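Asker: Line order of the protein sequences matches chains A and B.
Residue numbers for the first sequence follow my numbering, beginning at 119 and rising by one.
Residue numbers for the second sequence follow my numbering, beginning at 183 and rising by one.
Please keep in mind that the hints were generated in silico from the structure rather than gathered at the bench.
Treat the hints with care, as some may be off.
Unchecked claim - Cross-link-like lysine to any residue pairs, in silico, SDA-like; alpha carbons within 25 Å at most:
1. A/Lys364 with B/Ile273
2. A/Lys621 with A/Ala533
3. A/Lys245 with B/Leu207
4. A/Lys621 with A/Gly493
5. A/Lys530 with B/Leu207
6. A/Lys530 with B/Asp216
7. A/Lys632 with A/Ser190
8. B/Lys242 with A/Val577
To be verified - One-sided and incomplete, this derived list gives chain A residues near chain B with beta-carbon spacing under 10 Å:
9. Tyr168
10. Ala252
11. Gly256
12. Tyr497
Claimed, not checked - Which stretches of chain B does chain A cover? Using the computed rule of at least three CB atoms under 8 Å from a CB of chain A, they are:
13. 193 to 199
14. 257 to 267
15. 402 to 410
16. 453 to 462
As the structure is a computational prediction, the values presented were derived from the model and not from experiment.
Quick reminder that beta carbons are idealized off the backbone N, C-alpha and C, glycines included.
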Amino acid sequence: MTRYLRSIGAVLVALVLPVVMGACGSSSSGPTVTVVQGTAPDYLDPSQGYTTQAANSSWVSYLGLYTYAHASATAGGQVIPAIATAPPKVTGGGKTYTITIRKGLKYSNGEAVKASDFLFTIERAIKLNWGGAAYFTGNIAGATDYSKGKSNTITGISANDATGQIVIHLTAPYGAFENVLAFPSAGLLPSTTPMTPQDTSPPSGFGPYEIKNVVPNQGYDVSLNPSYASQAIPGVPAGHVNIHVKIETNTTTEAEDVLNNSADVFDWGDTVPPSLLPQVQSQAASRYASEPTALVLYFFMNIKEKPFDNILARKAVIMALDRNALSRLDSGNITPGCYFLPPTLVGHPSTPCPYGDPSKSPNIAAAKKLVAEAGLTGYPVTVWGEERQPRKEYIDNYAATLNEIGFKATTKIIASTQYFPTIGTLKSHPQTGFADWQQDFPNPFDFYLLVDGSGISQVNNENFGEINDPFINSEIKALTPVLSSQLSSVASRWEKLDEYVAKKAYLGVFGYEKVPKFTSTRINFSQAIFHPVYGLDYTSLTLTK
Amino acid sequence: MGRFVVRRVASTIGVLIAISIFTFLIFQAIPNGDPALRLAGRTATQTQIEAIRHTWGFDKPIYIQYLRTMEKIFDGSVVSYNQGFNVEEEIRRDLPVTASLALGAGFIWLALGIVFGALSAWRAGRWLDRGLTVLSMIGVSMPVFFLGAVLAYYVGDKWGVLPPGDYVKLTEDPWGWLEHLVMPWFALSVLFIGVYSRVLRSTILDNINDDYVRTARAKGLSERQVMIRHVLRNSLIPIISLWGLDFASVIGGGAILTESVFNLHGVGQYAAQSVQALDIPSVLVITMFGAFTVVLLSAIVDVVYAALDPRIRL
Chain A
119 MTRYLRSIGA
129 VLVALVLPVV
139 MGACGSSSSG
149 PTVTVVQGTA
159 PDYLDPSQGY
169 TTQAANSSWV
179 SYLGLYTYAH
189 ASATAGGQVI
199 PAIATAPPKV
209 TGGGKTYTIT
219 IRKGLKYSNG
229 EAVKASDFLF
239 TIERAIKLNW
249 GGAAYFTGNI
259 AGATDYSKGK
269 SNTITGISAN
279 DATGQIVIHL
289 TAPYGAFENV
299 LAFPSAGLLP
309 STTPMTPQDT
319 SPPSGFGPYE
329 IKNVVPNQGY
339 DVSLNPSYAS
349 QAIPGVPAGH
359 VNIHVKIETN
369 TTTEAEDVLN
379 NSADVFDWGD
389 TVPPSLLPQV
399 QSQAASRYAS
409 EPTALVLYFF
419 MNIKEKPFDN
429 ILARKAVIMA
439 LDRNALSRLD
449 SGNITPGCYF
459 LPPTLVGHPS
469 TPCPYGDPSK
479 SPNIAAAKKL
489 VAEAGLTGYP
499 VTVWGEERQP
509 RKEYIDNYAA
519 TLNEIGFKAT
529 TKIIASTQYF
539 PTIGTLKSHP
549 QTGFADWQQD
559 FPNPFDFYLL
569 VDGSGISQVN
579 NENFGEINDP
589 FINSEIKALT
599 PVLSSQLSSV
609 ASRWEKLDEY
619 VAKKAYLGVF
629 GYEKVPKFTS
639 TRINFSQAIF
649 HPVYGLDYTS
659 LTLTK
Chain B
183 MGRFVVRRVA
193 STIGVLIAIS
203 IFTFLIFQAI
213 PNGDPALRLA
223 GRTATQTQIE
233 AIRHTWGFDK
243 PIYIQYLRTM
253 EKIFDGSVVS
263 YNQGFNVEEE
273 IRRDLPVTAS
283 LALGAGFIWL
293 ALGIVFGALS
303 AWRAGRWLDR
313 GLTVLSMIGV
323 SMPVFFLGAV
333 LAYYVGDKWG
343 VLPPGDYVKL
353 TEDPWGWLEH
363 LVMPWFALSV
373 LFIGVYSRVL
383 RSTILDNIND
393 DYVRTARAKG
403 LSERQVMIRH
413 VLRNSLIPII
423 SLWGLDFASV
433 IGGGAILTES
443 VFNLHGVGQY
453 AAQSVQALDI
463 PSVLVITMFG
473 AFTVVLLSAI
483 VDVVYAALDP
493 RIRL
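Given these sequences and hints, build the entire structure.
Answerer: And the structure:
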């Protein structure tokens, strides 16, 4: 007996050893608030990060030549100079941008900010395959050659460190280029930063915060940058509290933690579980709000495939969508709508929807009549959808609606990580299914990429309906060069275009997502800014006591 | 003993190779599973997709991709496709959490499983046995995600008796470590206690009428000595075997639900996140690690087996 007890003892000691092993934790000074995120950021290196969770931290840690105003609603969509001294001087028919950087700025590691760092930053984002790199390679002269390895540098960018002047040549006029320059991945990095991913130890940058103490998939700190306050950029506040981001994969626990004040901020990219929502709304009414976003939800209909090559079939679908029911599936977090451009954007039409009020009950009888009139009753339709909640439920509801109006619909649900690559492969020929679009930047052009006929591609296609309408294409071409700062001058033209898309019933838009702004009692809720592009603004967080 | 070790090492290598090939192929068989498309994001151009394919070696034949991945696993440089983190570093970091969970829960379910099983067999057919049978069935039928969520809500959030989740390092705060793990230990153990007590009860009842027990009684040993020294010792053999495998599966990432409900960030939770993201390198390493742990622990169990039963030779 003693013999085997000794063996068991030895085994237990061997197993206990890893428990005793441990690394050091993080430390920070000043007040710290805890943000809980259900999904870890894809990357914390700004040259790679592309998800909302990544951008939430990096837009205040890596300022670029331009950034967004720290304000809520439409005011927050305004591009303001950050490291640049002023708005760009646009010449050469909209193809040349001349920008001068501020003097005397220093990164968090003490290195001086130089004009040539901009060229380095863009090259690094391309080299590290940043998810939005197409915005650089598609617009900056020489960037495609650089990405293909045909050139050692981006020939379309020149920088003079002595004068601080940067000149960028575009391949064609692109009005949203200021927005592109405001991406966190265009946030300047010292040219001494390694040309390799730095995800566990993000590079130094210039901004109110710096990202530190990264523990993969568990958490990281977004700490106040002590050197920023003395060189603060007008319009970009220095911040008041340190942030500790904790990854909590269970959204129920995440919401309970904020409800019970054991965490301070609920990630706006997550949904408060429907089972907890009534409790949150009753017990935390003063610190919970549902904020509108520029995220449009719709069912695409492939106009190259039967039955949706027939406008009557598409009209029938739009008339039959039960938007209120779809909203209920997302805990009421959808504002019903019919237009492709969300209400928070310039160009959202103010005219009534062409096929009935989206906030009212659907007109099933009329829809059924249209399907019969088109001779499509009983026509088989495969509805594509992704697995995650509530998107799978949207598809169940949509398929039921299609069956109700006379089609013979079946669903095809695939894993969320595979969904968009699958329906984006042209040879999949999806008839109809779920799609969404979250703005990269507040400009209607960012949405109209999805219905641009020239954007249809064999893989990674985003124009799922294969819409190739000459009017839409020509309008996009004409409106693309208009500078973001002059968008209001073409607002009515965008409105007309959006009305046209709705009338042609190209997209089964069912609404715009609202997201939670939910904090603990420690946070001054009314002063916390919900930014239209990057969500809860960390620089606006203050404590109540 | 020497032959036993050689046999075990050879079979472990064989199992690991088979599992790694199988896991790798499963991911290749997923329709439209091209990882380059996923990594590139929704707005990527064909050039970018090709660049990613080239950088990660997805443009190479499948056996080359497999060999390269295995090479990286063995030299410790394998990184996650989705986040770029070193997978082995992540497992090393998460292992103390999982080991803490497995050790505490393993001890609880083994101890209570033996106590309940022995009591149940000792009082077979009586009220105590019936009560313990009902309790065991409740334990077996209770899903861990439900029990965990109920515990976290009531004991953690509502009554504030114990922290509702998270992990505190033993080296930093031993009391905090214990406080944070009590609920996960209990939630994870309940199912196993039910199973172990039922298995032990039936094994004891099988053994109790065997010849060697009659002989022990004929020798004049007390009932207590007969039960503990002879019946229980022999009945523990299948329990030890089961314990070894269950413990290994928890260490190897099997406590996915418990770790996720209590947000412990152990190997199991990492496995869940990786599968959800279809992150081949992470899933491959975790699967191989799990298989290795099971094989290693079952070898240790065999040694303990031999100690318990002298008829067994290694």
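Asker: Each hint: holds or not?
Answerer: Hints versus structure:
1. A/Lys364 with B/Ile273: This hinted pair holds, its Cα atoms lying about 18 Å apart.
2. A/Lys621 with A/Ala533: This hinted pair is violated, its Cα atoms lying about 33 Å apart.
3. A/Lys245 with B/Leu207: 30 Å, violated
4. A/Lys621 with A/Gly493: 21 Å, holds
5. A/Lys530 with B/Leu207: With Cα atoms ~23 Å apart, A/Lys530 and B/Leu207 stay inside 25 Å; holds.
6. A/Lys530 with B/Asp216: OK: A/Lys530 and B/Asp216 at ~19 Å, within 25 Å.
7. A/Lys632 with A/Ser190: 14 Å, holds
8. B/Lys242 with A/Val577: Holds, at roughly 19 Å.
9. Tyr168: 6 Å, holds
10. Ala252: Cβ of A/Ala252 sits 5 Å from chain B, so the hint holds.
11. Gly256: For A/Gly256, the interface hint holds, since the closest Cβ of chain B sits about 7 Å away, which is under 10 Å.
12. Tyr497: 25 Å, violated
13. 193 to 199: violated (count 0)
14. 257 to 267: It holds, with 4 qualifying residues against the three required.
15. 402 to 410: n = 0 at 8 Å, threshold three: violated.
16. 453 to 462: Since 5 is at least three, the answer is holds.
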